[in-house]
Structure formats: structure tokens, C-alpha cells
Amino acid sequence: MEALDIISYFLLLGLLLVSVKVVTTSNVIHAAISLVFTLAITAATFLLLSAEFVALVIVLVYIGAVIVLFLFGIMITRAPLGQNAELDNDKNKSLALVVSLSIFVIFSYVMFNTFDSQIIVTTGTSTELLGEILLSRFVFPFEVVSFVLLAALIGGITLARQDNALVDENQI
Amino acid sequence: MSAQPFLIAAAGLFSIGIYGILVRRNVVMVLLSIELILNAVNINFVVFNAMLGDALLQGQIFTIFIITIAAAEVGIGLAIVLMLFRNRKTANIDEFDLLKW
Amino acid sequence: MVNSNLITFLAEGKVTYTDGGTFAEYTWLIVVLPFIAALLITFFGKYLPLKGAEIALATIGFIFAFSSYLLYLNVTEGVASEFFINVGSIGSFDLEFGWVVDGLSIMMYFVVGTVASLVFIYATNYMQGEVRYTFFFTSLTLFAGSMLVLVSSPTLLQLLIGWELVGVCSYLLIGHYWEKKENSSAAMKAFITNKIADVGLMIGIIVLALSTGTMRISEILYQSTHDYESLKSVAYLAGVLLFIGAMGKSAQFPLHVWLPDAMAGPTPVSALMHAATMVTAGVYLLARMFPFYEGMASEALDVVLLFGVITLFAAGMIAIVQDDLKKVLAYSTVSQLGYMVAAIGSGAYTAALFHLWTHAFFKALLFLGAGSVIHAVHTNSMKEMGGLKKEMPRTYTTFILGTIALTGLPPLAGFFSKDEILASLNHGGYNTYFAIAVAGAFITAFYMTRAVVLTFFGEYRGNGHPHESDSMMTTPLIVLAGFAVTAGWVNIPGIYTGFTDWVTTRKNPIVEYHPESFDYFALTSGLLAGLAGIGLAYYVYQILGRPEDGDEKIKVEPIWNLLENKYYLDDFYFKYIINPTKSTLANTVDRFNTNILDKAVNLFGVAAIFLGNIVYNKFDQGGIDKALNISSSSTDALGARVKLLQTGKAQQYIMYFLSGVIVISLLILLVL
Amino acid sequence: MEIVTNNFEFLENGLGITLVVFLPLLSALVVALLPKKQELLIKLTALGSSLITFILSVIVAIQFDYSKAEQFQLGNKLSWIEAINSNYEIGIDGISLPMLLLSTFITVLAIIYSFEHLPEPKSPKGMMALILILETGMNGTFVALDLILFFVFFELVLLPMYFMIGIWGDKTMRSVAGLKNEVETRLYASIKFFVFTLFGSAFMLLGFLGLYFRGAKTFSIPELIELGTSGAFTGTFATLVFAVLFLGFAVKVPMWPLHTWLPDAHTAAPTVGSVLLAAILLKLGSYGFVRIALPILPEQAQAWAPAIAILSAIGIIYGSLACLAQTDLKRLIAFSSVGHMGFVMLGISSLTSIGINAAIIGMVAHGVITGLLFFLSGSMAHTYHTRDMGRLGGNMKLLPKTGGLLAFTAMASLGLPGLAGFWGEFMALLGAYNPLPGLNITIFRTSMVAGAIGTVLTAGYLLWMLQRVNLGEPNDEWKDKKLHDADAYELAAWIPLVILTILIGVFPKLIFGSTNDAVISLVTKAFGG
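Listed in order, the protein sequences are those of chains A, B, C and D.
Residue numbering for the first sequence follows the numbering used here, starting at 1 and increasing by one per position.
Residue numbering for the second sequence follows the numbering used here, starting at 1 and increasing by one per position.
Residue numbering for the third sequence follows the numbering used here, starting at 1 and increasing by one per position.
Residue numbering for the fourth sequence follows the numbering used here, starting at 1 and increasing by one per position.
Since the hints were made in silico from the structure, they are not lab data.
Incorrect hints may have been included.
[Claimed, not checked] 20 Å max Cα-Cα, derived EDC-like pairs, lysine to aspartate or glutamate:
1. A:K91 <-> B:D94
2. C:K180 <-> D:E477
3. C:K649 <-> B:D54
[To be verified] Partner residues are not named here, just some residues of chain D that face chain C (Cβ under 7 Å, in silico):
4. F151
5. F153
6. T327
7. N357
8. L503
All C-beta atoms in this analysis are idealised placements derived from N, C-alpha and C, irrespective of residue type, glycine included.
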């Protein structure tokens, strides 16, 4: 067992623990914070897997922007901050547990039995290579995605905009 | 370094995300759980990329795309939540039964 | 590929035989013009100053002029041409229209043209202010046109068409005042009676056409004068059938019943119908087919003669008891038609046509005169007339002339024509028939004198003050009176017999008796009978006094009742033919339809349902379906539960979805 | 005169006829896709497509080579259901051409009429689509040269008509002999119509299959005609096949005693439905006789002809007598159809060229005249809200235009010479007098006399109808009512029929010019002259 293995075990265990926290905590802010941790650990894992650019993107986009968005969402929807017993749907809990555990068992069984190969750990950066590939071979999907983003931007604005002309007074 | 722990951890993350989707009442929380699932997928991609040693780094590129789409999804999703909240004065998903005819 | 076949649809007329110059080629004009005129009157008549009458007058005037010139041509040169237009072929059979211009048809053109023109002029005044004035002229024009179609037809087909068109126009005209039910009923009666007779004509035409292979009249006549075997075998049948047709239009006993009822129409219609157009059609048909009768169907001529004689006597008798002036004239027409038909039956072709010719003028005169009287006194009943001699001198004079012509006193028209018929009967050795015909002459004189006495002599018994009619009405009377006096002079035995040459059948010559000089026995009998009739009637009605209501001075009750009820023919028809058909038979059929056929169908349906129920209840429901039902009810129950799953909540749906994923995954993993 | 060169060559090889058949179906789809509120657009689409169809059929008629009228022309044969050797085989000859034109023509008028005159529930969208589908069925039947194709089209007409009667039909309740409870007229009529005709055609299909298996495994009508005329079908088999074909067609005609669906269907149907039913649908049966039953089974046709003649004669008398007992205007006209179709069948049964020609012109004339009669009676029923002749009367005063046309049409219907109806009646009698040699001449002549008496009865009931409906003083109940005489749409639908009636009456070559050669060839081939 190498050092990297040990590090990775720790990381993955941490990942699972904080992600469990995301879905179990009864405090919305805590959930969001836990997600931050989850993502941070993911980024670390990516570093371990020599995908430093993706790790960076995760940190920048998710932790930097998406979480902020979430926090905004939490605030705007006036979700009760602090402890809230009603955050979870208790009726569903046991069933959900069964379902998710089953899925976990099935997935891990499949994964475990299918992929027993080693990870080829490379040294040195792959960012330069990534950039080249992204802007040469994958330039078209890249552009398409940018359009998707634009569309999402416009869509988000349209949806969220408070337009009295469009919304029936009675429904507000 | 074996790939199995990573994959199993991703499966776990995925299951946790599903659990979150199923039990959370607040829509924003559901969206958070979806992020978990996406993250699980991301991990898988990156692991497979490393495992296969792909020269084109397709796993990583896909991950970048997924992150981008996820960002867009969050933007739209939150906008929809906002809209729903404005109209229904609640963000609790079990108070919506819009999928029934 | 160029396709010229639509163009071959346009057919060509074909001249087959002509010696009348090219003028006859345009005879189609007088046939077609009335129809165009009728259309014009219908659509534009309302907007014209005379409400469409001017179009009718112009048309009929043209016809008169044209036919006069044709008559002139015929008299001077003799015309006999035929023109055919193919309007289609079925099998090897050609359907042809066309026009025939020969002596017979020209005579008819002229009669129609003359009488119709005068009637039209008369009608413009007579019908003034009546309902549907414009439409009246449409129908009147159509009526004349239809008659021209009939008499101009070189084929049996066109003859049939004209024949029925005349029937329809008479329907329109008789039923002119259709607000009253008896008028529309009279129109219907005329149409249906004619239609019954038409069945005979139609079958007769079918028989003739199929046994000769052609519808061309000239061709059929040619075959009948040349001993064609196929025609000979059916000749008697065809002859009788054609005569049945003629009986309808020419109102022969016992199909005459429609004609007196047809008086429901306005008087100009009666005049036109009785003189020139409708009723002469039957006689025309018999005359047209005369070479056929003479050549092959002489037995059929006996039938014709029999019915002609019966008619002339029976109808004359009824005329004696009529109180309605127009009905007297109507029965008189029937009786005179009997003379014509009897003449044909006895083989006297020319005599029949000659009587048709003279009768057309004096009967038109009498009707128009009667119309003038009716117009003045506003009633048809002679009981409310009388003494009109002083009030209506012109009408009186012309009416008297017409009466004399009809009773057959020399030298007026009726004398010569009736005499020729009597002579023919005498010559043919039909002693009984001759006697009846002479009796008929007596009856004719009797009822006409009666009518004149009741109408014009004595004191006025009606209401109001009658005045002489307008000159628009009396002028035609005077013209017709002229004809009534002179029309007979064209055929005086031994002096001038031009009429014989006018109407002779040039193409298929016939052998007929034609008196070279007067038959003095017939002449004396006829004349004496006429004078006796006049004298007796004058004695009974003028000297003995006018009959008051139902109180005739001499009256043999049973006969009188028989005559008043018109031999109970109408009753018979209604009781034994029309009502049984219309109510009993029709209702039986209807009941059969609903209660038997329909019921059978419905019962079939009910039985199917019943059978279905058995199969369904016992076998299907009790057996197969029970099992199915259990499955279905369990499905139902399941559904009722599953329904609860349908919450509309996204999370639950995701849960179901994932459960499915799990199950499928497990299946794949464990089974495969 | 310079002859116009053919600019429509591309319509040969079956395209023209195919368009005539399927264009209405396509436009029915378009109509179905248009939003329900766009009523004008729907109506114009339907009118436009039916007009184009009519124009196409006229072009087809111009292209048709009348010198070879006995051949199937302008058609095509495309493989369709290879497994049973059934092909998309179409074509027209002199017999089907007039029927095709009649069908496209009447449809245009029906659509024009439906512009403003629809009974409740209005819904022009549904009505237009149904009319167009119906047109496809009718046109298809007249051009199909494959038995299966024929059957498909033959059945296709049932459905739209069923819905027309069922949806727009008479909503009053009536009692029905044999049933305990009162039923809704339209319900009873539509089901009766559907089941009755389906009953017949089910047997017909059986006959088609019999021909297929006994013949050369083909459904092609021309091939079967060749087989049939050379004597391929004989004996019990042929008897049975003719019997089932007879059943199928006779129900549609309808022949006595299979007619009972007709009065009910007509009485209940909306105006346009009655018109199309009378004008075209009834002709499918008699057309089937001429196109399929006679040439394919000539021997049986001869054996059956006396029976058909007797049934026709009964139908003529029976229909006329039943008319005399009616109080319902539309029912009277429906029964008159039984009589008139009796003449058509009498002509066909004579198996002579005269008789069959008579039958075809009789079909066209009946289509035109009875179509018009149903237009008029339907319109009157709509105006007066009753069809009871006891309550009508004085129509000439109340609705002069409608009344005048009714009088004209009644005259045409009673077979007045110079109008279209005459030829069918007269020529049918002409044919029946001398039937095909070898047939029992007594039976035919008796039938002819019965037919001739039928013309009198026909005149009787039509004049009686006129007297009760048209003449006399109007009933008091109409005094204060505002009654609308025929409007522009109605006149636009009716006047062409009037003109056609006169045209055919005066110049029957319009029909005979097309049919005669084809009929002669048919008779010569099948019956040796």
C-alpha cells in the first residue's frame, strides 16, 4: 500500500462523510457548507488523479459561484435558517434509504467487478494539453456549451424577473 | 493505486445524492443533492480518464462540460424555484403535485 | 394525344327528303323560340311594361307568320321534308330529334299559330290583374311550344317528349289558381289521366321501335306500307296501344274525365287547349300514324272507330245537362273529338283532319266568347246569365256564328267537315255508327242551342250589369268568327278540295275514301238532325220557358241522373281505382314495410341481441368472462391502489423510477 | 376548329385519377389539422379542394379517348399487397366516367350548401372532413379495378356517412316496430344503415375471395372479366358467388326487399348526408352490378336476371305505393328512390345494351334529380322545422324560389321527357321489352308493364306531394313566422343541378356518348351480343 492509496482512502471517506452531512443536516446553511466541503474534497481527489485543471474549475465555478447562487436561493425562498425539523420528508426516509442503499450496492457491485485495473498516475501538468484539445478537437462542443450557458442566462433572467404584466395579481 | 475505491466512493456519492433528492422537502436542497449526483459522475469520468490514460483527455473535457451544464442548470433551476415560490409562497416540493393530470 | 371526341358530341342534322326549298330547314326556329321566350318571360317578364306578355305575343306572332308562309308554300308547291339531329345512341339504337315539315305538320303549325296568337291577344286583356300574370304567359308560351314539339316530331321519341310536355303545361295552366284545392286537383286529374294513357303510348312506342329497329316515324310508316313481317306481328297491339295514348290526350271515353275538370283553368287556356293544342294531339297522332294503321293495323282501326262513336254520343249527352257554360263547351269538345277519332277509325284521314281544322277555329271562338261572357257576369253558371244579346252584341254575334258552325249548318265551316265524316261513315257501311253520328249531330245542335238560349236570350238573371268586353277581347272573336265561317271552304266536294292535297301523306301514300261530290244522304241526315236539334232546344228552352233550378221541363229521371253524374265514371274511378290505390293499397304497402319488412329487420336485430345475450350471459359471462372478470376486477382493484401512487409529486415518481431501475438491474445481474 | 392540344399529359398513367381519388382525403387531413375556430378557412379549403378535384375529373374526362370507351384508360397498376396479388389498379372506361364526374360534381355542391346550412351541432370542420373522406370513397369505388381496392373504397364510404347521420341527424325520438322502447331516430338510422350495408358487403367480400381462389389468384377486375367471359366460373360455385355479390350490391342499391334501411337513413340524415347518400352512395351498388357481377359471372347473370327483373318491378310499384302513404316529406322522397333505382335495376336485368345504358343514365339522372330533391326537402325541413306534409302547404307562396324548384324537380323526377329522368325510365322499359335472347320474355314484359304503371304512380305521388306541400293557401301557423327563402349558397348549390337536369334531358349524348361503346362491348363480351 502506497502513500497515495492511504491519502486517497482518507479523502474518499471524508467525501462520503461530508456528503452524508449535505443530505442529512437539518440546517440549510450547514447543508450548503457541507456541499462546499464535498466539492473541495472532490477537487483534492482530482488533484490526486492528476486532473489539476478540472480541480481548479471545480473550485472556481462550484465553490466560487454555484454555492453563492445556492445561498441566494436559500435566502430568497425564505427557507428557515437554523435548525428545521421539517426540512426532511420523514415518510420517505426509510424507503429512500432502501432505494439509495440498493443503488449503492448494485453500483458498487458492478464497479467492483468490472474495473479492477490500476490508475496510471502521471506526473507533470496536463493543463496545456487539455487546452489544446479543447480548442482544437472539441472546439465545436465548446462553442455549443457556451451557447447553452447564454441561453440559461437569458432563461434564468426571464423566469426570475418580476413582471407584473405577466403575472396575475391574484396568484402572487 | 487501484481505481475501485474511487468508483465505489462515486457510487456512494451518487446514492447519497439520490437519498437527498428523495427525502429533502426544500427544492433548493433537492438541487443541492442533484449537485452531489453530478459530482459523482464527474469523479467517475476523471477516474476513468486516469485509468485509461486517454491521450485526448476526454474524461476531463467531459467533466468540464458537465460542470458548465451544471452551472447553467443551477441557474435555471433556481430561477424556476424562485418563480414557484413567488406563485405558491412555498418552496417545499411535496406541496407541488403538478405532475398529476 | 389530341382528343377530339368531345367535339364529336356535337351532332349534325341530316336532310333526308325535301321538296320544299330551304325555308323548311328553319322550322326548328318556331319550335325552339317558345322555350327561349318562356325563359325570358320568367326571368325578365316582371320588368317589362306588359309584364312579359309582349315577349309571348312577339313569339307567337312570329310563329303565326312563319306557319302562314309555310302553309303558303305548301299550298303552292307542296312541302315534305324531315330533319334529324342525333342526340345519342344506345346500343344500335339512334335517339333522334328533329323536325318534320309536311302538309300535316304545317296544317298543325298554322292552327296552333293562328289560334294561339288570337288567344294570347285575348289573354292579355282577360287575365289583366290576375295572379301570376307573367307566369301565366310563360306557361302559355310553353304550352304552344310543347305542342309544336309534338307536331314537328319526325321521331316517336320526340313525339313522346312533346306529348308529355303538353301534359305538364296543361297541369300548370289548369292549376293556375292553385290556391283552391279543387283547381289543383283538376290539374292533377288531367295530368294523371294523361299519364295513364301515356303508358299505352309509351309501350306502343317501345313495341313499334323495337320491332322496326327505328324511332323514325317515316321509317316505321315505310315498313308498314311494305309488309315488314316483324312489324306485322305486333301491329294490332301497337295500334291499340298508340290509340290508348291518343285516348288520353284527345279525351276519348272513358279517359275523357279530365277535360271537363280542366275548365278550372282560365278561359284562354281552355280555348287554346280545346281548339289547337292539347286535345288535337291524339287525333294528330292517329293521323300521323295513319299509314301504319291502314297498312297493317286495320283491326285496330275498328277499336278506334268504336271508341270514337261512343265518345261522340256519350259526351254529347252529358253536355245537355250541364249548367256550366264552359262545361257544355268542354263536353262538346269531347264529342267533336269523338267525331274526329271516329273518322280516323273509319279510314277517313282527310275528314278527321278537316274537322280538326274547322273545329279548332269555331271551338276557340266559342270558348273565347264564353270567356267574354264569364268575364262580364263573373260566373260560369248559365242559370245566372240570360239576355246578354242586348248587352254584348259582338260577343253574341260571334258566338252565334260559332254555334252555327258547330251544329253544322251550311255554309259555315262545321257543315263541310261534319258532312265529310258522316259521308265517310256512310260510305264505309257502318250503318249503326252512322246513325249514332247523326244522332250526335242532333245532340250537338240541341245542347248548343240550349246554351245560346240560356245565355243570350230572355232576361238577365244574374247580378250586376254586364258590359261588352274590351276590343282586345272582341277582335280575336271577330277574326275567329271569320275563320269559323270560311275555314270549311277549302274542302268542298266537287268544287275545291285543296285541303286534301295540303295534308296528304306524300311519302307513304294512303288509300282513303274521298267524296268527289256531296253524299246527299249523309248531308240531308246531318242537316235535318241539326235543324231538329236546334228546333227542339229552341222550343223547350225558349218557348216552354227557361229551366229554373233543377226543374227542367222534360226530364227522364234515371237518364238525367246518369248524365248529371257523368255515367258515374268519376265515382267509379275514385271508388275502385284511385282510393284503393291511394289509401288501401298504399297503406297496406306502408304497413307491410313497417310492420313486416322493417319489423323483420328489427326483429333480426333484436334476435341477434337476444342470442347475443344468451351467448353473453351464459357462455361468455358465466365462463370465459368470469375468468377475465376476475382478472379485470383485480386489475381494477389494483388500479384503485395504483391510482394512489399517482400523487403528482416529483419525489415519489423518482422513487418509483429508481425502484424500477433497481429491479431491472437486479434482474439483469442475477438472471443473466 | 383548332383542337386544343393536350397540356395535361402528366396526368396520364393514373396520376390524374389518383389525384381525383386522394386529393379529397388529403384535404380532409388538412381540414382536420386546421384549428376549429378558423371556420372560413376550413370551408374554403374544403371548397377549393373539391373544386380542384372536380376540375381534375373534368380534365380526365377531356383526356379520355371516347373512341376507345370500352377500354380502361388513364389508369395504372402499382404493386400494393403482394402477398395476395392485390394491386393498386385503377382506370376508367365509358361506364365509370359519368359516375366519377357525378360524384365530384355533387360533392362540390354539397360543400357549397354546407357553407351556411348545417344542422346542430354546427361544426363545419367535422362535416367538411367527412364529406371529403366520403368523396375519396366514392371516387375510389368508381375507378378501382382491383376487387380488394374496390372493397376498401366501397366500405370507406360507410364510416363518414355513419357519423353524418349519427352526429348531425334527426334528434327526435321514434318508436320502431319490433322494439319496445323509443329510440333516437338518428341512432337507430345510423346503426341500421351501417349494419345493414356491412352485412351485405361482408358477403360480397366472401364472393371476391371465392373469385380469387377459383380464378387465377388475381383480384384484377379486367383479368377476372377475361376469365369470366371465357367461361371460367360455372356451376354451384358461380351461383354462390353471384348470390353473395348480389346480396352485397342489392343492399346498397337498394333492391326490394333489402331497402328498409334507406327510408330511415334518409329521414334521419342531415341534408347533405341525404344528398350524397341518394346521389352517389346508392349508385355504388348498381355500378357494382355493371362493373363486377355481370361481366365476371355472365352465365349467372342470365340465370338471375328474371329474378332481378321481378324484384325491380316489385320495387318500382312498391316504392311508389309506399310513397302514397307517407306523411313525411323526406321519407316520401326516400321511398321514391326505391322506385327509381328499381328502374335502374330493371334496365340492368335486361342484360341488353339498351337496358344497361338506361341504367347508367338512370343512375346519373337519379343522382342529379333526387339529390336536388333532398337538397330542397332538407332546406324546407330546416326552414319549417317539420317534414310533416299535413302541416306544410302553400309553399309556393311562402318560399317561391324553393317551391318553384321543388315543382321543377318533382317534374323531372316523375320522368318528364326533356329532363334527365325521362331517359332512365323510358330506356329501361325499352330494354325490358326485348331482353337478352334466351331470357324469359314473359317475365320481362310483365315487369315492363309494371314499370310503366309505376310511372303513373310516380306521377301520382309526386303531384300529390306538390299539391300538399306547394299549392293551396299556407297553413295559419306560418302566418307570423319569418321564413327565409333560398339564399345565395343554396341557389349556388341547386342551380347547377337544374341546368344539368335540362342538359341531360335535352342532350342525352352527354352520357350515352361515353357509355354506349363501353356497354356494347360489355354486353358483346359477356353475353355474345
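Next pair to validate is K649 (chain C) with D54 (chain B); report whether the Cα-Cα distance is within 20 Å. With Cα atoms ~42 Å apart, K649 (chain C) and D54 (chain B) exceed 20 Å; violated.
Would you settle whether the hint for N357 (chain D) is holds or violated, based on the nearest Cβ-Cβ distance to chain C being less than 7 Å? holds, 4 Å
Under 7 Å, Cβ to Cβ, is where F151 (chain D) needs to be relative to chain C, so tell me if that hint holds or is violated. violated, 24 Å
Verify the interface restraint on F153 (chain D): the C-beta must sit less than 7 Å from at least one C-beta of chain C. Violated, about 26 Å.
K91 (chain A) paired with D94 (chain B) [C-alpha distance capped at 20 Å]: Distance ~11 Å between K91 (chain A) and D94 (chain B) Cα, so the pair holds.
Is the interface hint satisfied for L503 (chain D)? The criterion is a beta-carbon contact with chain C at less than 7 Å. Given a least distance of 11 Å, the restraint on L503 (chain D) is violated.
Close enough to count: is the Cβ of T327 (chain D) nearer than 7 Å to one in chain C? Hint violated; T327 (chain D) Cβ to chain C Cβ min 10 Å, cut 7 Å.
Between K180 (chain C) and E477 (chain D), is the straight-line Cα distance small enough, at 20 Å or below? Holds, at about 18 Å.
In terms of the numbered hints stated before, the structure departs from hints 3, 4, 5, 6 and 8, listed from lowest to highest.
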